[in-house]
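Participant: Here is how the chains run, residue by residue.
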Amino acid sequence: MKILNILLGLLLFSQSVIAADQIVVATADGIPLSMPDGKGFHDQVIQEAFNRINIGLQIIHLPAERALINANEGIEQGVYVRVEGLDNVYKNLRRVPEKITDYRFVAFSKKKNLLINNWDSTAPFDVGIINGWKILEKNIKKYNSLVKVSNPTILFNILVEDKVDLIVYNEHDGYGHMKENGITGIYPIQPPFAQKEMFLYLHKDKESLIPALTKALKSIKEDGTYEKIKTITLSPYLPK
Amino acid sequence: MSLFSKVKSRLAAKLVFYILFFSTIVTFVSTGTQLLFEYRREIKHLNSTVKQVKQSHLSTIVSSLWVYDLTMLETELRGIKELPDVTNVEIIRDKNKIVSVGSSNGDHLLSHDFPLTHTHRGQELKIGTLKVEVSLQGVYKRLKERVIIILVTQAFKTFLVSSFTFLLFYFLIVKHLHTMAAYAKSFNLSRLEIPLKLNRKSDDYQTEDELFVVEKAMNEMRLNLINEIDVVRASQNALSKSEERYRSLINNIPGVVYRCEPTFPWNVDYIGELIEDYTGYSAEDFKNGKILYGNLIHPDDSQMVDSVVSEMVSKGQPFEFEYRLIHFDGTIRWIFEKGRAVYDQDRIPLWLDGVLLNITDKKLAEKQLEEKEVLLKSIIESTSDAIFFKDVKGRYVLANTSTQKAIGKTEEQIIGKTDFDLFPAESAKIIQQVDSSVLKSKKSILAEEHLQTSYGETFWQANKSPLIDNKGNLIGLVGVSRNITDFKNAVAEREDLKKRLMQAQKMEAIGTLAGGIAHDFNNVLGVILGYAEMVAEDAPSGSSLKKDAGKIVIAANRAKDLVKQILAFSRQAKVEKAPINIKLLIREGLKMLRSSIPSTIIITEDIDLENEYILADPTQVHQILMNLCTNAYQAMEETGGEMNISIKSTVVSPKQELELDISSGNYIELSVSDTGRGIRPEIIDKIFDPYFTTKDIGKGTGMGLAIIHGIMQEYGGAITVQSELGKGSTFHAYFPVVAQETANKIEKPENIPHGKEERILFIDDEELLAEIGKDMLERLGYHVTVRRSSIEALTTFQDSPDKFDIVITDQTMPDMTGTDLARRIMQIRPDIPIILCTGYSNLIDEHSAKALGINEFVLKPLTKSTIARLIRKALNGQSESGS
Chain A
1 MKILNILLGL LLFSQSVIAA DQIVVATADG IPLSMPDGKG FHDQVIQEAF
51 NRINIGLQII HLPAERALIN ANEGIEQGVY VRVEGLDNVY KNLRRVPEKI
101 TDYRFVAFSK KKNLLINNWD STAPFDVGII NGWKILEKNI KKYNSLVKVS
151 NPTILFNILV EDKVDLIVYN EHDGYGHMKE NGITGIYPIQ PPFAQKEMFL
201 YLHKDKESLI PALTKALKSI KEDGTYEKIK TITLSPYLPK
Chain B
1 MSLFSKVKSR LAAKLVFYIL FFSTIVTFVS TGTQLLFEYR REIKHLNSTV
51 KQVKQSHLST IVSSLWVYDL TMLETELRGI KELPDVTNVE IIRDKNKIVS
101 VGSSNGDHLL SHDFPLTHTH RGQELKIGTL KVEVSLQGVY KRLKERVIII
151 LVTQAFKTFL VSSFTFLLFY FLIVKHLHTM AAYAKSFNLS RLEIPLKLNR
201 KSDDYQTEDE LFVVEKAMNE MRLNLINEID VVRASQNALS KSEERYRSLI
251 NNIPGVVYRC EPTFPWNVDY IGELIEDYTG YSAEDFKNGK ILYGNLIHPD
301 DSQMVDSVVS EMVSKGQPFE FEYRLIHFDG TIRWIFEKGR AVYDQDRIPL
351 WLDGVLLNIT DKKLAEKQLE EKEVLLKSII ESTSDAIFFK DVKGRYVLAN
401 TSTQKAIGKT EEQIIGKTDF DLFPAESAKI IQQVDSSVLK SKKSILAEEH
451 LQTSYGETFW QANKSPLIDN KGNLIGLVGV SRNITDFKNA VAEREDLKKR
501 LMQAQKMEAI GTLAGGIAHD FNNVLGVILG YAEMVAEDAP SGSSLKKDAG
551 KIVIAANRAK DLVKQILAFS RQAKVEKAPI NIKLLIREGL KMLRSSIPST
601 IIITEDIDLE NEYILADPTQ VHQILMNLCT NAYQAMEETG GEMNISIKST
651 VVSPKQELEL DISSGNYIEL SVSDTGRGIR PEIIDKIFDP YFTTKDIGKG
701 TGMGLAIIHG IMQEYGGAIT VQSELGKGST FHAYFPVVAQ ETANKIEKPE
751 NIPHGKEERI LFIDDEELLA EIGKDMLERL GYHVTVRRSS IEALTTFQDS
801 PDKFDIVITD QTMPDMTGTD LARRIMQIRP DIPIILCTGY SNLIDEHSAK
851 ALGINEFVLK PLTKSTIARL IRKALNGQSE SGS
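Chains as they are written, first to last, in this note's numbering: chain A, 1 to 240; chain B, 1 to 883.
Bound conformation, chain A alone (with noise of 0.2 Å):
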């Protein structure tokens, strides 16, 4: 009994000591940027950031807003991939400086010869977006009619069913919603009308960690670590 109970406290005492040294981290990407069981493309690079700092990296999913509102509040202690300038919305966060990734939006449509270069170009069109995108929402002002969507795969059925001519989304996201659905006859319309930075934010209580991370980020990239996560990742999912 004596060492039940010693092997219990020990047990407890080591569950601690591992709770002092995980961070808890959501994001709202999807497959094949984030997967449930955190093989996407930007968990594994952020795992492997964490990985080199020492510190323990649990990774939940919630929906876009939740997500950023949890961090803010220190439900969470970070949430990524998100794009630079939340920290001004969101006063608790912090952005870790170094980028996760790229986000190139596109538009996805039946057509492929949609000349869609710029924010503008979507004036004449029936437009589909997610609700919540901060981007998106601030950008695209110009269009013959808006439709918000809760998630994407509103977002592909609303264009499915021609209930309008495109759909802006991040390009890798739609690759891998298309795959994952089996969705076809949908094609993104190159080149990306815009591309942004995405980056992973803490909360403040977390604020001191931001240079190993970034130095670690550094690290994954420049010894190819990065490269090799992101073809394991993603050329699933890239069109043939």
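Because the hints were derived from the structure by calculation, they are not lab data. You may find that some hints are simply not true.
Unchecked claim - With a straight-line cut-off of 20 Å between C-alpha atoms, the simulated DMTMM-like cross-links for lysine to aspartate or glutamate are:
#, chain 1, residue 1, chain 2, residue 2
1, B, Lys126, A, Glu73
2, A, Lys138, B, Asp69
3, B, Lys95, A, Glu65
4, A, Lys141, A, Asp165
5, B, Lys97, A, Glu73
6, A, Lys134, B, Asp69
7, B, Lys873, B, Glu778
8, B, Lys95, A, Glu73
9, A, Lys91, B, Asp94
10, B, Lys97, A, Glu65
Stated by the list, open to error - Some but not every residue of chain B turned toward chain A, in silico, with C-beta under 7 Å:
#, residue
11, Trp66
12, Tyr68
13, Asp69
The C-beta atom is built at its ideal place from N, Cα and C for all residues, glycine as well.
Mind docking chain B on chain A? Use the hints.
Facilitator: Just chain B, lined up with the frame of chain A:
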């Protein structure tokens, strides 16, 4: 009385009011109770609504809020908003509104907050708050509708109860009260016999209720009144008679009797009815204090009235005075008031008793009389006639301003004095004679009085009348005298003018006569002059025949000038001035004079002059000399004496300019003096006036010196006279000297121009003149065709107009005048030169002749030199340098 009007009566109104008041209170209390229960039920219902929100919507809202599906959240909130009385639903996080539906405007809101929690990673998180606001407005609205229903039904119920109660009250009580009131209202002495009878059922009388008692009491009162009324009526009759006597007495007094308080504004206790005539306000207005008598007194008199009344009242004496009242219509009434104070035992004044009399008419008459007197005085004083009044002894009682001016003394100095005190004795006698006649005859007399007054010697037209008083006694005379001196002078002047006019007409007749004979005389002279010239021309040089013929020519020329002068005097001929040697002219004149002046007159001459020239007409200078010398001779005609004629150069200095009325410079002074009787100083200024003469009738026209004066003025010269009575007179004539070179130029001898055998048609009806004309012209070198008839001349010219170079024609001819002939000839040949000759004509002169197109005009008699120059001038068209 209708039922409605009875409802309005006081008692019924009170009854209805109280019924309504009580019913209303009951209604409000019962309604309030009902509302309280309704309110509690509604609040309970609201709480159940809120509970429903919590049970049905809260979990869905938490899920949507966790995934931050704002669309879903809004849908949820809209569902809640649809619940009854929910006005606003919103989700709040960190005080920020995430989603809201509805608005929280308005009052009476109940707010419910529901915390929204979500379990995340084993931890319960508060992710927001649901706020639900429920409005009580709906509750209140429903309650309000309920209140209206309750109140309307209650009011209707109350109305029915009130109406029933009122009708009951009316038929049992009010109806009889009205009967009693109507009886009492119509109750008078003539209806005393009629008893009060209420309209009730006979059963009601058996009960002897309150109405029965009242009816019975009123009828007993009526019977008592009948008994008392007879006594009162007898007393009233006696009092009425007494008052009537008193009123009649007061109102028949010719004035207004009054009694008033003893101090201003004298509040009236009693005043006669006639005061309305005086003031326009009734006696009642004064008695009841509506009008205060003192306020009607004219402001200018008010203080006087007050002070007199106060003084007399304090002395215990009666007062009387006159003053003005302002009538209601704004006009003024004059009042005479007499009165005195009534005192109590302590000599304190209680009242003023008195009488007012309207004396306005009397005052107006006085004022009119006064104005009439002022007007009369004004008339007397403003007239320019002397108006006066004397008593029977001739003493002035009244003398107006014009009288004072005429006498030259003030009114104080005149009144009480006689005319002998005020006028020279001679004038006073004249006045007294007229005055005595008036007083004696007692009749008006219009007389002319020649008096010595302050204005000098004057003439007066006096209208004097006796003045009789109303008893028929003579008390004096009144006179109105008008100064007619100017009128008299004007009459005299008019007479003088009349004489002058007659003289002028006489002179004009002489002039006309002279003009008439001038023609014939000139023709005679023409013959004499023509032949004398030809004789002188033919006679051997130096022979006595040539000299005698020359003297005939000179004398004939002088005669010609005299005719010209006669014509000039009668303004029928033009006077022409020329530079002349005055020394020679005077000497020539003196030669002629000496032969006509008797030897009793010694003529001396003093000529101190070189060859000076003056610009003048020789005949006029001759006339001046003759006239002055004739005057001098006539001045010494009876006594004899010495006549001196002197002529000299003199210089008029600037100082003498004003005295002589001529410009300064060189003059020839001709002086004629005599040692005769001289000229009186008082007439010396008039001697140059036309028609002024001191000579006997037939010896002078009065024009001689006037003509000389006119001639000298025309020459730019002057004539003056110096005379001493009894010693003689000297006349000085100043002639301006003409420049020497001008005189030389004019005086330069000129050769008589001769013809070059030009052909002349000469027309004159006088045989001698025709012949002499022909001889004269042929001697001058012309071919002359003579015609003695204008008709013949015209025929000759018509036959061969180019046969003549010039036509010379007489003006006065039978059949056709010279001007008519000239006009006809010019119609035949417009370029033919024509010379017109005339002895005298009042129809044509040089100006009018030239206006007809006649080249030259010449007065007869014709001299050789004159006609020679005119022919050349007409033929050559040259301008004549002088004639």
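Participant: Next, verify each hint and record whether it holds.
Facilitator: Against the structure, the hints come out as follows:
1. B:Lys126 <-> A:Glu73: holds, 11 Å
2. A:Lys138 <-> B:Asp69: Distance of about 19 Å is within 20 Å: holds.
3. B:Lys95 <-> A:Glu65: Since the Cα atoms of lysine 95 (chain B) and glutamate 65 (chain A) sit roughly 18 Å apart, the hinted pair holds (cutoff 20 Å).
4. A:Lys141 <-> A:Asp165: With Cα atoms ~16 Å apart, lysine 141 (chain A) and aspartate 165 (chain A) stay inside 20 Å; holds.
5. B:Lys97 <-> A:Glu73: holds, 17 Å
6. A:Lys134 <-> B:Asp69: Satisfied, since the Cα-Cα distance of roughly 15 Å is no more than 20 Å.
7. B:Lys873 <-> B:Glu778: OK: lysine 873 (chain B) and glutamate 778 (chain B) at ~17 Å, within 20 Å.
8. B:Lys95 <-> A:Glu73: holds, 14 Å
9. A:Lys91 <-> B:Asp94: holds, 13 Å
10. B:Lys97 <-> A:Glu65: holds, 16 Å
11. Trp66: Given a least distance of 6 Å, the restraint on tryptophan 66 (chain B) holds.
12. Tyr68: holds, 4 Å
13. Asp69: holds, 5 Å
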